[in-house]
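Here the structure of chain A is known, so what remains is to put chain B with the ligand in place on it, guided by the hints.
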Amino acid sequence: MELLKFFTCGNVDDGKSTLIGRLLYDSDSVSTDILQTLSKQSKTKSADTDIDLALLTDGLRAEREQGITIDVAYKYFTTPKRKFIIVDTPGHIQYTRNMVTGASNCELAIILIDARNGLTEQTRRHSILCSLLRIPHLVVCINKMDLLNYDQNVFEKIKGDYQSFAAQLGFDDLSFLPLSALAGDNVVSRSSAMPWFTGPSLLEKLETVEIDIAPFAQPRFQIQYVIRPQTDTLHDYRGLAGKVISGTYKVGDKVKILPSGLTSTISRLESNLKDQTKVEAPFSAIVHLADDVDAGRGSSIVVIDQEPTFTRDFEAVLCWMDSSPLLAGGKFLLQHHAQRVRASVKEIISVIDVQTHQELAPDGPIGLNSLCRVKIKSSESLALDEYRNSRVTGGFILIHEVSHATMAAGMVEKMQNVMDKI
Amino acid sequence: MSQHRDYLDTLEAEAIHIFREAAGQFERPALLFSGGKDSITLVHLALKAFRPGKFPFPLVHIDTGHNFPEVLAYRDEIAAKIGEKLIVRKVQDTIKVRGLQDAIGKFPSRNALQTYTLLDAIEEFEFDCCIGGARRDEEKARAKERIFSVRDEFGQWDPKKQRPELWNIYNGRISKGENVRIFPISNWTELDVWNYVKNEAIDLPSLYFTHQREVVITDNGQMVAKSEFLNLDASDVIQHHAVRYRTVGDMTCTAAVASTALTIDDIIEDIRVARISERGATRLDDRTSEAAMEDRKKGGYF
Ligand SMILES: Nc1nc2c(ncn2[C@@H]2O[C@H](COP(=O)(O)OP(=O)(O)O)[C@@H](O)[C@H]2O)c(=O)[nH]1
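Residue numbers (my numbering), protein chains in the order written: chain A, 1 to 422; chain B, 1 to 302.
Certain hints may be false.
Said to hold, decoys possible - If we take Cβ atoms under 8 angstroms as the criterion, some of the chain B residues that face chain A in the derived model are:
# : residue
1 : Arg163
2 : Pro164
3 : Arg173
4 : Phe209
What the hints contain is simulated information worked out from the structure, not anything from laboratory work.
Virtual Cβ for every residue (Gly too), placed ideally from N, Cα, C.
So that you can see chain A by itself, here it is in the shape it has in the complex:
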């Protein structure tokens, strides 16, 4: 059985919590003791249950008091076809960083629209973020159809508006669904109230969407930890432990170690406590090299002729996640998987307007939740791929050198290769 991780976004009150509650409730994933607690707390009850479905997802006390979702919450459910992880992210602009956190490793996004309101600022912002984060599948759910007599015209109008807005966002897989989260129409089963809609229900869509398990084929591996038992029997054992981030590694592969630039051959591969002839992403492995080359935590092992860009200078899009602003010249630690180097934001090239997708000249510091395009220079060369080609190796974070806070999520764009020099 496969695993699908997806997230939901929408305005406050579009019905996100109700929708998730509905998916959990109708797929029988809620325990009776939890239902009991909820029916005590419920103020708004839905048509066929005496609980407020939205309460199923609201975790923290501060949120219960404010009645909104402020942090990412994870929920789990399983159907006979698939196992799901729902990443429930807050919609409001002040929580953009939480949404980016939740969305960063999801395969699919549900964009919720209140049929009465049509596209809003938030819809545009969320969609642009999904596009920047390269979420492979988008499902636009037009909710509260029950309040508009399940009218097909309403659905078609919003769908048309969205399609013309999204034309330049480059989504590979975009679909539309008319819903009532409260009444359950088209959530788990197809709705009899909307016979004009012939597509699958939301759950059917989630169960059948094709998960591309190897979107980036080039082999990437970073050493996380060096295993050296140093016992009598394993005196010379030196295993380079890490995870195959993308692609496949095979015994006999000719490889290059970065940053040292030395070359060697994979002499042995272990995974799952056994010797293997090959290991593919996303599985963990222990790599052994034929030569005794210098390689430690953060070093990359890449296959010759399928190499990443190796560089200290690159452009990136940053989502700024801290309340202290970003200034040009700012110095940070840059973490790219297990690799940590010092880096500086040399220049702020432009600010990305997440309402219009326009890039504007920067005027002043970059504040919390803003997106911008920057030039970065790192103290050592990094083995990078463009985020557009590889979500798994094109992302990095910036860390404050003193407070250690995670300041920004970064996505690698244009690069200058210095590989030829080594």
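Frame of chain A; chain B with the ligand shown alone:
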């Protein structure tokens, strides 16, 4: 591509990656080991992450003094079998040294007290990270916790100050005195753990399987093992039942469930049809307040 990948393999790969990040980023990690199925699963995953090397951390057990004897025996056996270091710190000693008030009542729970023992152990051994078996499906507040969760000097968790956690990049940088709790099986559900235990043929303490036990029936009908730690009186109802445990905590505050499950397959079937959450079925102290868990986490409880 129409290749499929099983979700347990995906979850296992994620957990091993997290273990190696803990080992790579921290000087003095510890693996918190309770003897329950979640921490036993962690040990199994650590074997996959670090063998043929030794674990880069000791197993640490916070012994409340109210443990099931079967669990203590299992703990010592597994530590000996895998040849890894086991550190035990006792709540009883903390109570003595710090002059704390012991838990009282009919079902005295040392849950709150074990926080002190844990924090003392962290200080004593200067652990900079503690790896634990908490899962996000256990409870609503946990559902929001990061995989690398930073705690301040007092072990406190501030849900408002959580670091963003992006892709599979974990930021474990901390200042002196701070500490990170790391949860490699955050994304596993109770059923995932059982399915994994089955697939990997992992041994569990006998408590998890149905056995005959003398139990006290609580006011709301839960069954608590009769033991020297309970303060019973003549009015208490003692009965014999065929029971098993879904979680293993203290004898005083973990309830047993009626069951006929003798094998892992039976248990998996039981859970599939059970309509009560693991925590709801088995913890005596969680129902008291809706925000109980959140408060204890803020206070440094695991
Ligand atoms: N009529 C109707 N009301 C809905 C529907 N979905 C949600 N609601 C209501 O809209 C309000 C906001 O829903 P909620 O799920 O809390 O929104 P969230 O802020 O996006 O999580 C609640 O009063 C819901 O009962 C729907 O499909 N139809």
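Do the hints match the structure? See the list:
1. Arg163: Holds, about 5 angstroms.
2. Pro164: At 4 angstroms from the nearest chain A Cβ, proline 164(B) passes the 8 angstroms test, so the hint holds.
3. Arg173: At about 4 angstroms, which falls below the 8 angstroms cut-off, the nearest Cβ of chain A leaves the hint on arginine 173(B) intact, so it holds.
4. Phe209: Violated: closest Cβ of chain A sits about 22 angstroms from phenylalanine 209(B), beyond 8 angstroms.
Consistency with the previously given hints fails for number 4 only.
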